[in-house]
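Undergrad: Based on the provided sequences and hints, a complete structural model is requested.
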Amino acid sequence: MPLLKDMEPIVKKFYDGVAEGKYYGRKCKECGAIEFPPHLACNTCGYHETEWVELSGHGTLKSFVVPGIQNDKPYLKAIAPYGYGAVELDEGPIYSFVVFAGKKKIVKGLQQRLADGEVIGVHAKPIDREVPLKPGEPEMVHFSELCFELDEVAE
Amino acid sequence: MKVGKYARSVSIVGVGCTPFTNFEDHPETKGMSEGDAFGYAALEAIADAGLEPRDIQYFYHGAANPFMIGDSLTPNMQVADWFGVRGIGSVHHSEACCTGYVAMQEAAMAIASGEFDIVLSGAVDLAASLPVVGAPGHMRRDFPLEEMLPSIPMVYDRAYGRPLDSAFGISFDNWINEYRWTYGLSADDIDRALNAIAKSMRRASVLNPRGFYDVDFDQIAQANGMPDADAFLTSMMNPKVTQYLRVTGFETKCDGAAAIVMMPTEMAVARGLDHKVIDLLGTGSAAYEGATLANEKTGTIRGTKQCYELTGVSPDEIDLLFINDFFMAGDIVVPEEVGYVPRGEAWQYAIDGRFAFDGDKPINTHGGRCNFGHAHGASGIADIVEAVWQMRGEAGATQMKKLPKTTMFRGFGGGQNIRVQLIRTHE
Ligand SMILES: [Zn+2]
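Chains as they are written, first to last, in this note's numbering: chain C, 1 to 155; chain W, 1 to 427.
Please keep in mind that the hints were generated in silico from the structure rather than gathered at the bench.
Heads up, some of the hints might be wrong.
What the hints assert, rightly or not - One side of the interface only, derived from the structure: several residues of chain C facing chain W at Cβ under 10 Å: (1) Phe14; (2) Asp16; (3) Ala33; (4) His58; (5) Lys62; (6) Val66; (7) Ile94; (8) Ser96; (9) Val131; (10) Leu133; (11) Leu146; (12) Cys147.
A virtual CB, placed ideally from N, CA and C, is assigned to each residue, including glycine.
TA: Here it is, written out as structure tokens:
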């Protein structure tokens, strides 16, 4: 008999998936809405049961905020010019992510393009993160942070 | 979702508040511990209600971060003796910057349920300094930014919002950015509006003996060889630290405590206080984590709708609005969202100084989080205390021209909780 009835560690499967380039959500068995990132129950209709579904990792940008020194992250800037945005996945769920934009000039113009109604495609771009297991000590734990990138960067 | 009315009406009968300042910087407050501060505010509120500590039947204790800045896990246990209520039941709660509004809601529920008649709800945060761990409570040390910054993201979800690094980054600017583009404004329009609010709020804080600041932006400009407040506010001494917000658009971290005493309205009226009885009409509640879509806006809409439906009050009845503005963008977007000013005009109201305590649409008459000061968990109660003083006509140099009868609070904080509350002078 399993220790857990109708329950498993959701957050671990999500991050393990991101590390393998797989994007797992949970689909509501009643209304069909998708929880992404995944949770146990459905926040769209309040039904208790969801099931695993693998998502495309593709979506569109809904909003975009340009970081200043207060909300800038050096480890992100070291990768590429970025901002923070709400991303709507093609399968429907919306959540905020770090969004890489390729060039600084692109970052600056994104809000105007969104205001003009342009549909701006984005795709998953996981990055490797490491944090010390204990503060100040060398041993690190690793995880894959799910970020997104403008489709036009890859084109 | 429809919220039910209280099983019996509950009123605010006493209020108290310490100065909001850096306690270590002032000879009068230096060495004040959490117990001293909570006790001071509690006793002021109890006296204001015409009561003695022995009359309090139960109390709520709020603090945003008692583990880190109070060196304690059970702060309600640790302040009770300070104001003479040893032995009565109490509870601690912590909703970060929303704590003070939850404090009023919880106290009202405890009374409305019939479980208690006279409840004190207080909060304290000595947020300008850190405790010396292991030493007595009066010993505090400095609280540098590099020690504070790592604690801020702890209000966000440890599973996703934090490790995906989106909750913190998007929160400050996303609503004001949407507002800007909705109304075709420039970044400079937003900048002028925010700087104008900073001037209005600072003026109130300087005039308020409990406020953090003693000098206004004109004086700061003069001291730095600049022609006027605007020159200072737009200078490199006050840089933008997010896309829209300058240093003056963020909270002034400080020490403080505040408390209110509540009882059934019927009892308050029967007792015959020497000041007005203020009724809590109702509370709308919401909570959306920082990385969910437009969380501050979504939560404010949800809480406001509940509050209006519950109370039957319409926006044009609101005389005074408090907005938890630990980042100042809320002072533009919230007045419109709750219907206090027309859509698309709040930024112009700000520039015209109409949100000042002596304007026609006052907000945060004590100066708000960025200028009155932000003692995190205690600030919501300090808003309520200031509102009550305004409604009684006891606000001193910053008293509104027209005596307010109905006040709304848009509480916000803790990654983020929302409370939208209405209080009204009992007639
Ligand atoms: Zn559902």
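Undergrad: Determine for every hint whether it applies to the structure shown.
TA: These are the hints, each one checked on the structure:
The closest approach between the C-beta of Phe14 (chain C) and any C-beta of chain W is roughly 8 Å, which is under the 10 Å cut-off, so the hint is satisfied. For Asp16 (chain C), the suggested interface contact is broken, since its CB lies about 13 Å from the closest CB of chain W, more than 10 Å. Checking Ala33 (chain C) against chain W: minimum C-beta separation of about 13 Å lies over 10 Å; hint violated. The criterion of a C-beta within 10 Å of any C-beta in chain W is not met by His58 (chain C), whose closest approach is roughly 17 Å, and the hint is violated.
Nearest Cβ of chain W to the Cβ of Lys62 (chain C): about 7 Å, under the 10 Å cut. The hint holds. The closest approach between the C-beta of Val66 (chain C) and any C-beta of chain W is roughly 4 Å, which is under the 10 Å cut-off, so the hint is satisfied. At about 5 Å, the closest approach between the beta carbon of Ile94 (chain C) and any beta carbon in chain W falls short of 10 Å, and the interface hint on this residue holds. Taken as an interface hint, Ser96 (chain C) checks out: its beta carbon lies about 4 Å from the nearest beta carbon of chain W, inside 10 Å.
The restraint placing Val131 (chain C) at the interface with chain W holds, with a minimum CB-CB distance near 9 Å, inside the 10 Å limit. Because the beta carbon of Leu133 (chain C) sits about 15 Å from the nearest beta carbon in chain W, more than 10 Å, this interface hint is broken. Because the beta carbon of Leu146 (chain C) sits about 6 Å from the nearest beta carbon in chain W, less than 10 Å, this interface hint is met. Satisfaction of the interface hint for Cys147 (chain C) is found here, the shortest Cβ-Cβ separation to chain W being roughly 8 Å, below the 10 Å cut-off.
Hint compliance for this structure: hints 2, 3, 4, 10 are not met, and every other hint is.
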